[in-house]
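Chain by chain, the residues:
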Amino acid sequence: DVKVTQSSRYLVKRTGEKVFLECVQDMDHENMFWYRQDPGLGLRLIYFSYDVKMKEKGDIPEGYSVSREKKERFSLILESASTNQTSMYLCASRRQGGSYEQYFGPGTRLTVT
Amino acid sequence: DQQVKQNSPSLSVQEGRISILNCDYTNSMFDYFLWYKKYPAEGPTFLISISSIKDKNEDGRFTVFLNKSAKHLSLHIVPSQPGDSAVYFCAARYSGGGADGLTFGKGTHLIIQP
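Note that the protein sequences, when read in sequence, are chains S and B.
For the first sequence, my numbering begins at 11 and goes up steadily by one.
For the second sequence, my numbering begins at 2 and goes up steadily by one.
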């Protein structure tokens with residue numbers, strides 16, 4: 011079974027803090043993704059990585075950056091957290107060249123106060 | 002501009018009956034469609050998918066139908082069970098290159114009544 015784990019299930023941070031959200035997958039997948047889920051808005055893609063050190067912006071990259079130093083790990087960074095970044099953050103991975111099915115982690119509920 | 006639309010925020014169905022969840026899309030460059038199921042406080046889990054070259058895919062109680070001319074797909078669950086109560090997301094993959102993420106609809110909350 012594919013396993014995607016996220017470092018925290020719940021996180022509370024203050025405005026202006028630098029926040030790191032970590033994601034690890036154990037299936038040697040090439041592609042990894044970060045989404046945020048907000049009520050009434052569904053899931054929106056923040057960033058995507060198709061290989062180590064490679065990244066692409068998704069639909070809503072503003073205020074975020076990412077890091078992929080190892081194949082199994084994909085980090086989402088909020089350089090200076092703001093209250094409008096309070097959300098559920100979901101990491102996903104997918105095998106390159108396979109079906110388009112993505113495997114999701116359990117999510118991190120981030121609250122910025 | 003919402004490219005994948007799930008126009009019913011919620012749907013209530015009696016246990017044992019058929020649940021039909023609908024999804025419309027606007028981008029003709031979508032070539033692959035997926036349905037995900039999500040319980041509260043958990044990540045979405047993959048349910049079933051369909052390529053744009055097909056019009057039907059079946060897996061146990063779940064069937065997805067695709068009508069390309071209408072840019073419409075639907076998920077049928079027969080028979081509906083209490084464990085099916087969850088939020089269902091329709092997602093589409095864009096074939097035109099760029100970021101290979103999926104475009105999701107806003108979700109439909111399915112409630113199975115006993």
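Incorrect hints may have been included.
What the hints assert, rightly or not - Covered stretches of chain S, going by a simulated chain B footprint (3 or more residues, C-beta under 8 Å):
hint	segment
1	81-87
2	111-123
To be verified - Mimicking DMTMM-like on lysine to aspartate or glutamate, the simulated pairs with C-alpha atoms at most 25 Å apart in a straight line are:
hint	chain 1	residue 1	chain 2	residue 2
3	S	LYS13	B	ASP60
4	B	LYS6	S	GLU82
5	S	LYS65	B	ASP60
6	S	LYS67	B	ASP32
7	B	LYS57	S	GLU111
8	S	LYS65	S	GLU82
9	B	LYS72	S	ASP69
10	S	LYS63	S	ASP48
11	B	LYS55	S	GLU82
12	S	LYS81	S	ASP69
13	B	LYS6	S	ASP69
14	S	LYS23	B	GLU43
15	S	LYS13	B	GLU43
16	B	LYS6	S	GLU40
17	B	LYS69	S	GLU40
18	B	LYS72	S	GLU111
19	B	LYS55	S	GLU111
Claimed, not checked - Every beta carbon over 12 Å from chain B, so not counted as near; a handful from chain S, in silico:
hint	residue
20	GLN16
21	ARG19
22	LYS23
23	GLY26
24	GLU27
25	VAL29
26	GLU32
27	ASN41
28	GLN47
29	GLU66
30	ASP69
31	GLY73
32	SER77
33	ASN94
34	GLN95
35	THR96
For the record, the hints were derived by calculation from the structure and aren't laboratory data.
Positions of the beta carbon are idealized from the N, C-alpha and C atoms, including for glycine.
- Which hints, by number, does the structure contradict? 1, 4, 5, 10, 11, 16, 17, 20, 21, 27, 28, 29 and 30
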